[in-house]
Every structure is written in structure tokens, then in C-alpha cells.
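Join the two chains into one complex using the hints; note that each chain is given alone, in its own frame.
Residue numbers (this note's numbering), protein chains in the order written: chain A, 1 to 267; chain B, 268 to 547.
One or more of the hints may lead you astray.
Here are the simulated BS3-like pairs of lysine-lysine, each with C-alpha atoms no more than 30 angstroms apart in a straight line [as the list claims (entries may be wrong)]:
id, chain 1, residue 1, chain 2, residue 2
1, A, Lys17, A, Lys262
2, A, Lys17, B, Lys460
3, A, Lys17, B, Lys380
Read the hints as simulated data drawn from the structure, not as lab findings.
Given the structure is predicted, the values throughout are model-derived calculations rather than measurements.
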Amino acid sequence: MSPHISFRGVTKRFPVKGTEFTAVDGIDLDVARGEFLVLVGPSGCGKSTLLDLLGGLTSPSEGEILLDGTPITGPGLDRGIVFQQYALLPWRTAQGNVEFGLEATGVPRRQRAERAAEFLNLVGLSGFEDRHPHQLSGGMRQRVAIARSLAYDPAVLLMDEPFAALDAQTRESLQDELVRIWQRTGKTIVFITHAIDEAVLLGQRVAVLTSRPGRVKEVVPIDLGDRLSTDDPRSSPEFARYRHRIWDLLHDEVTRAQQLEKEVVGT
Amino acid sequence: MTALLEARPATRTTPVAVRPQRTRRALDALLTGAGKTVAIAALLVVWEVAPRLGLVDATFLPPFSTVLGAWWDLLVSGQLLENTRASLVRSLSGFGLAVAGAVPLGLLIGWYKPVSTVLGPLLEVFRNTAALALLPVFVLLLGIGETSKIAIVFYACTWPILLNTISAVGGVDPTLLRLAKSMNLGGFRLFQKVILPAAVPTVFTGIRLAGAVSILVLVAAEMIGAKAGLGYLINASQYNFAIPQMYAGIITISAIGVLFNQLLVALERRFTSWRVPVGA
Numbered sequence: 001m002s003p004h005i006s007f008r009g010v011t012k013r014f015p016v017k018g019t020e021f022t023a024v025d026g027i028d029l030d031v032a033r034g035e036f037l038v039l040v041g042p043s044g045c046g047k048s049t050l051l052d053l054l055g056g057l058t059s060p061s062e063g064e065i066l067l068d069g070t071p072i073t074g075p076g077l078d079r080g081i082v083f084q085q086y087a088l089l090p091w092r093t094a095q096g097n098v099e100f101g102l103e104a105t106g107v108p109r110r111q112r113a114e115r116a117a118e119f120l121n122l123v124g125l126s127g128f129e130d131r132h133p134h135q136l137s138g139g140m141r142q143r144v145a146i147a148r149s150l151a152y153d154p155a156v157l158l159m160d161e162p163f164a165a166l167d168a169q170t171r172e173s174l175q176d177e178l179v180r181i182w183q184r185t186g187k188t189i190v191f192i193t194h195a196i197d198e199a200v201l202l203g204q205r206v207a208v209l210t211s212r213p214g215r216v217k218e219v220v221p222i223d224l225g226d227r228l229s230t231d232d233p234r235s236s237p238e239f240a241r242y243r244h245r246i247w248d249l250l251h252d253e254v255t256r257a258q259q260l261e262k263e264v265v266g267t
Numbered sequence: 268m269t270a271l272l273e274a275r276p277a278t279r280t281t282p283v284a285v286r287p288q289r290t291r292r293a294l295d296a297l298l299t300g301a302g303k304t305v306a307i308a309a310l311l312v313v314w315e316v317a318p319r320l321g322l323v324d325a326t327f328l329p330p331f332s333t334v335l336g337a338w339w340d341l342l343v344s345g346q347l348l349e350n351t352r353a354s355l356v357r358s359l360s361g362f363g364l365a366v367a368g369a370v371p372l373g374l375l376i377g378w379y380k381p382v383s384t385v386l387g388p389l390l391e392v393f394r395n396t397a398a399l400a401l402l403p404v405f406v407l408l409l410g411i412g413e414t415s416k417i418a419i420v421f422y423a424c425t426w427p428i429l430l431n432t433i434s435a436v437g438g439v440d441p442t443l444l445r446l447a448k449s450m451n452l453g454g455f456r457l458f459q460k461v462i463l464p465a466a467v468p469t470v471f472t473g474i475r476l477a478g479a480v481s482i483l484v485l486v487a488a489e490m491i492g493a494k495a496g497l498g499y500l501i502n503a504s505q506y507n508f509a510i511p512q513m514y515a516g517i518i519t520i521s522a523i524g525v526l527f528n529q530l531l532v533a534l535e536r537r538f539t540s541w542r543v544p545v546g547a
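Here chain B stands alone, though its shape is the one from the complex (with noise of 0.2 angstroms):
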């Protein structure tokens, strides 16, 4: 990118040279999108035609249009909608909780750096720690109710974006630190003018981490104790024996995953557009 413009301002590329290198980038784009088109159309081939060539029991692994239709069924009862709003509610409450909690708390600790040092241990630990080996701890203080569910993915999703901030405020580049100390600018500005600002990348690293970790977290929880949910869904259907119900769980789940994350890497891209991009 750098090497296009050269160091004498009046020279810039030719509009010569850039058309048959847009045509070329559309290509190659049009190319990668089939490319991962493909990976996703062979495994939902591989899915359909394996159980009806008995290469595995039709039972436990029914044709993806078998679990279509069960999706379907349940989308029209209602029952997928109820359960994926009661999920939605859960995961996107302790994640929003998480955000708004750990961000702040992570800036705070990473600028005072004998607070980091003193907590620093004490996060590791608790990092380390699965959240989902604290579920019955969470269930023990707070019921089997919402609270806990909401608890859990709070506390789970707290950690990396917590950790992030941290290393975030931490890793602000040294020069613009020299910059501003040279400009002689104190306390509140230097906050709000280079760190914070240098700091939203890492940031956002840490929040699209705890997105997946939401969602991870809270399948787990209700498949434990719940009467509503996705998770809830998938487990109840395999005690009941309604195998393509529990796939058509499982692809709701992993649909809203990518989703979840497609929207938060879009948010990323829109709030750090100033970064070089990287193989975009």
C-alpha cells in the first residue's frame, strides 16, 4: 500500500494501472467466495448421501433433509423461536453485562500498573479456571432460575475482554506516549486522545472472543437445568429420542455462532478502519 505512493507528493498511481487490478481483485474474490462455498456444500452432500448409502446409521445421523424438515416443523410450531429467544435473552444479557462491566474495569487496571501487578495472578487464575466448573457454584448462590444462566455467561464472557483491555492500555505504543508527554498532555487527555483510541483494536479482539464464548457457555448451562433454550432443546430431544429435532437445535446453535460473529467482526471493522488491513 505504502509503496504506491512514493515520496513526491505529485506522483500518484495511474487509473491505467488500477482497472485490470480491480477486475482481477473481483475475480479472485468471486473465487475464495465459491472456494468457501464449497468446503460448506461438500460437507452438507457428504451429510446427506452418507446415511442413505448406510456408510452410518440413518438413526443417529439422519439425512440433512431429514433435519431440514424437523427444523422446519419446529420453526412452524413455534417451538425453535421460543427456545432461540430465550437463548438470545440469556447470552446476549451477560454479554452485554460483560461489555459494559469488564471494558471500564479493564482500562482502569491496565492504566494504574501497580494494580495490574497486583491482580494480574488473581485474573490468570481465575482465567485458567473453566467457567462451566463454576456452574454448580452459580447454581448453588443463585438458582437454577435466569439469574444463574445469565451469571454464568457474564463471568465467562468478563475474562477475555477483561484481559484484553488490560494488555490493550498496556501495549499503547511508546513513541505516542513520548508524543504526548512531550506535548505535555496530563491525565484526562491522554486517556481520551491516545489510549482509548489505540486501545479499540485489542479491545475488540477480546469482545468477538467473548461473543463465542457466550454462546459456548450458555449451550452448556441449559443443557445442565433449563426448561427453555436452544441447549435446552438439543439435550431434551435426545432423551426423547427425536434425533433430527436435536440436529435441527445444533444448526440453529451454530447459525446464530457465526452470525453473532459475522456481526461483531462487521462492528470491528467499522469502529478500527484506520488500521492497514490485513489481507482483507
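Only chain A is shown next, with the shape it has when bound in the complex (with noise of 0.2 angstroms):
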């Protein structure tokens, strides 16, 4: 079967102060259909430059990215990004705000409430429909956004580290969510995160990305199995056996990143 994504030696520069900062670098990465691809990396190894291009918010400076063997040439409803800072209108409530994608893709006015219903359902919200975001705590506006992305029923879900600003409780209870989220919708999910255990427990295989300029350094597939069969997945040996493996292959790459920093402010 052909990949659903697929980079083809993607790079991308920025212009600054004159000179070019190479964000990413000749990326090579296929993401089949209905995967769960986590990319993972240290600070400024151009995650999120990453998602940008998938999104079609910026374009590569090389190469191009496929979706289902088409370039990607600019923003489309067939991806749905989810942000860190959840990107909530405050002035609409958890129905308005998820009826919001359901506007911008012409659904009509009865099925967009049902719609949006369902999906603050499918997220664990039923009963908060008329809440604003200023009423909800952190983890209950990222599950608002999520059902957002999902509602109007992209083919692929961008995740821009979604729970980097929670709770460590209310991140693990949102990360089962998500698998579980996943396993029903079958949507191909794109995550980025810069912490190992997220990438281990979420990913069926999880990209490790050099730091500056943004590599793919080595793709590791994931197996524990059915991870929400599994009492507390987190605590067993293989996955520490994984999260071991990651962190020796970030290890590096967070030394160098610190490294490069400290002589960026230098300078």
C-alpha cells in the first residue's frame, strides 16, 4: 500500500540576519495510513517547522511532502492540526468552538450541533457543551480542541505537543484518551513531543530528529502490545527497554542543542 504521507527530502530555511538557518534538513519519512507516527527531539531540532509544512503553513525550501502521492501545497481541512496553546475561541463555548471547523466546511446548520455533540462525546465532555474555555481546566479545553480537529473529519490529525502544558495526571489520563481516540477513528495521527515516555507509550513507531539542523536520526518501531489492555503499560520492562533506547539516541542530540545554544547567546 502506498504511505499516506511521505517526505521527500524536505528541507526548509529561514532567512535571519542576513545569513540562512536551516531548520530541516533533507528529511526521507513515509507514514502509512491510519499509523501513529510520534516525532520526537530536542529543542530547535525543527518539530514544529515540521508540522508547519505538513499543515501547508509554510512550504519546504526542498523537496515536498505527499499526501496520498499529492504535494502538499498549502492549508486544507484533510489535516486537522491540534496546538499546545489549544487555540480556543474564548467568545464561543465547547459547542461553538467545535461547530467552528464544522463551518468552515459547509456542513449545514442542524447537523453541525449533533455533530459537535458527538464528537465533545466521543471526548469526554458531554455535559460541558455550554461551557467557555475560561470555565474549563487546562486538559478539558485540549480535549474541546481535539474533538475540533476530529469533527470535521480530516485524514490526518497533527498533533503540535497537545499536552506540553498539563498536569502530569491530567497528561496520562489525555494520552490513554487519545490511543483510545485513535483506535476508534483510525485517523493516521502525526505527534510531536519532546518527552520520551509520551513517544513511547502513543507511537507505533517514533522518529528520533537531530538538533539543528533537523534530521531523522533513527525511526524506532514501537510494540507493547495493546496498550490499553495493558494495567499500567508505563511500568513494564519493555517499555523501559524502549524509553532507554530513545533516550540514548536524544542524549546526544540534547547535549549538542544545549551546546548550540549556549553559543548562539554567545554571540
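Printed below as a string of C-alpha cells:
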């Protein structure tokens, strides 16, 4: 089967004060349909740049990204982005925020309310339809954002460190919930994080990126069985083994990233 | 607020915890209400007692009760209403025109970045030119009739609304713009669904400022050249040495100012009820 998403020699450079800064360099990566792929890397490795490219918010300097065999040329509703800062419209209720995506796709008004309620139910927020974002906790806000992205039925879900701003307990429960939602909806998910535990728990494959410029260092396939049927997958020996493997791969990169950062601040 | 609702949707605050909190809140409101009244009452008591005890010259600061008497006489004779009407018509016309003109203009300027870059310095100059300094110009161009007074109020009200509207558009949360972009929301719909609602609170701040400005500038304009209006009443009373009437005019102006502001605050609350309540 042809890959759902395919990066072909993707390079992105930004002009910075007269010189050029290479954010990502020669990325080659395939994502299968319905796969859960996690991109993990040190800060400043161009993770978010990759996601912007996938979302069509910027275009690559070299190479191309294919979605179902067609190059991505701009943003589109076939990809839904979940942002770290939730990006909820504060003047709309939870329901209204989910409907926002449906309005963009032109779903008739009657069906919108029904669909929004259905997806709020999917993320476990039934009964909170009329709350405004400021009346919801961080975890609940991110649930609304996930419901919004799922409701207009994109083929791919792009998630940019969506749980980074949450406390540990909320994060764990949302991770489990995301796996459940992924299994139920069968979406292709590209998930960005800097947390190793999160990468191992969620990903079917974890792509480890190098720091500045971002390249794919190694892609680690993860096999933990069905994560939801295991009681506490985070404490199994295999989990620890995968965790250590990725930690190893990342360790040098983190050190290098810190060194680079010092140099940048120093100049 | 957010802390009350925990991660798992199932947990809600128990009614037991809410009850005593509510009574305490009511008590708090009562206390702050009383506190606010106390300050004003104290001022009025001082106003009443100080002239009577001879601490200040009663000719220049008559006791509050005398002023109230004069106010009542003005009301009964119909003078007060007539002057108030004249002032309100002018200030509301100028204010209304400013809202109608400056909000759309501000949205436009804020939306087109190059326009705001070009016009920015010019707007800054106008904003920092005291409106009243231009009153002679308005009188020269438009005469001393109603037109020049409405025009000066319109002019003075325009700046706070315009500048706040421009910065409101510029200050829309960039993640929301990214979201809209990722959803391919373009042009008009982006404006209607994201920028406009996000701008409302800041625009209202400008409108509220303009409300205060409209009265301030009008009274000053009426003092300089008018045959009616509260500014005229205050000034004419002072010329004729009708000091209690002068103070009656002043307290009327301040009451109108407070009422107008309260009205705008209530409107603002209504339109921005979704905002995080700030110390309400």
C-alpha cells in the first residue's frame, strides 16, 4: 500500500539576519495510513517546522511532502491541527468551538449541533457543551480542541506538543484517551513531543530527530501490544527498554543542542 | 475558576462547598457597597459642615443643602432640563458619529498592515494634540452654532475609539490566526468569525474612554461660546455670581458622567460576558 504521507528530501531554510538558518534538512519519511507516528527531538530541532510544513502553513525550500500521492501546496481541511495552546475561541462555548470547524467545511447548521455534541461525547465532555473555555480546565480545553479537529473529519491529525502544558495526571489520562480515540477513528496521527515517555507510549513508530538542523536520526518501531488492555504499560520492562533506547539516541542530541544554544546566546 | 473543574469531567464542585461561599460573597458585596457609599457620604458631610463652621467661605462654597435647593429650583423652572437636553443632544450626536465612523475605519486600518504603518505616526500626532486646542479652528470653520460643538465632540471621541480598534485588530491572539489559516479560512470569514469577535473587548475600552471624553470636551466647548447647555449654565452662573446654581450645574454634569459610564460598562459586560471575570 502506498504511504499516506511521504516526506521526500524536505528541507526548510529561514533567512536570519542576512544569513540562512536551516531548520530541517533532507527529511525522508513515510507514514502509513492509520499509523500513529511520533516525532521526538530536542528543542530547536525543527519539529514544529515539520508540522507547519505538513499543515501547509509554510512550504519547503527543497523537496516535497505528498499526501495520498499529491504534493501539499497549502492548508486544507484534510489535515486537522491540534495546537499546544489549544487555540480555542474564548467567546464561543465548547459546542461553538467544535462547530467552528464544521462551519468551515460547510456542514449544514442542523447537523453541526448534532455532530459537535457527538464529538464532545467522544472526548468525554458531555454535559460541558455550554461552558466557555475560561470555565474549563487545561485538560478539558485540549479535549475540546481535539473534538474540534476530529469533527470535520480530516484524514490526518497533526498534534504539536498538545499535552505539554498539562499537569502529569491530566496528561496521562489524555494520552490514554488519545490512544482510544485513535483506535476508534482509525486516523493517521503525526504527533510531536519532546517527552520520551509520551513518545514510547503513543507511537507505533518513533522518529528521533537530530538537533539543528533537524534530520531523522533513526526510526524506532514500538511494540507494546495493546496499550489499553495492559494495566500500567508505563511500568513494563519493554517500556523501560524502549524508553532507554530513545533516551540513548536523544542524549547526544540534547547535549549538542544545549551547546549550540550557548553559542547562539554568546554571540 | 479553572481550578474548580478538575481534569475528569465527572468531578464537579459539591453544593455543600458552594453555600457558605455564596453568603460570604453577598456579605462582601454589601460591605464593598457600603464602603463606596461611605466615601461619597463623607464628602457630602464635609461639604455641608465646612461652610457652616466657617472653615471655608460660604459665598464661594455654599453648603451642599443650599446647592441642592438651587438645583431643585433650576429643575422646577425647567432651565436644568433645557440645558441638559442641549448638552446631551450635542455630546451624544458627536459620540454616536464617532462610534459609527471610527470603529469601521479602525478595523480597516488595523487589518491592512501597510496602511497602519503609514498612518501610525499621523494618528499619534493627532491623538496627542489636545482637542480643545483645535476648538478655535472649529469655530473659525464651522461657526459658533451646533455644528462646531458636535464636530469637536466627534473629533475628540474619534481618537480613543480609532486607536483602540486598530490595536484590537493587531492584538488578536496569533494562535487563533494560525488556527484559522490551517483551516483555510480566508478574507471575509476570517474577519467575521475570528478578528471581529476577538476585537470587541478592546474596542469597547475605546468606546468607554470616548464616552468620558465626549462630556469633558463638550462642557469646555459650551463654556467658551454657547447660549445653552450645562457648560453654559455653569459659566453663566459664575458670571452672575449665582454660586449655588453653578455648583448645581457641576453636580448635574458629574451625575451624567457617572451614569453614562455605568451604561457603557453594562453594555460592555453584555457583549464580553465570555471573558474571564476580572475581579467582578
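Exercise. Does A:Lys262 lie within 30 angstroms of A:Lys17 when you go C-alpha to C-alpha?
Worked result: Satisfied, since the Cα-Cα distance of roughly 18 angstroms is no more than 30 angstroms.
Exercise. When you check the alpha-carbon spacing of A:Lys17 and B:Lys460, does it fall within 30 angstroms?
Worked result: violated (36 angstroms)
Exercise. Are the Cα atoms of A:Lys17 and B:Lys380 separated by 30 angstroms or less?
Worked result: holds (22 angstroms)
In summary, the one numbered hint that this structure violates is 2.
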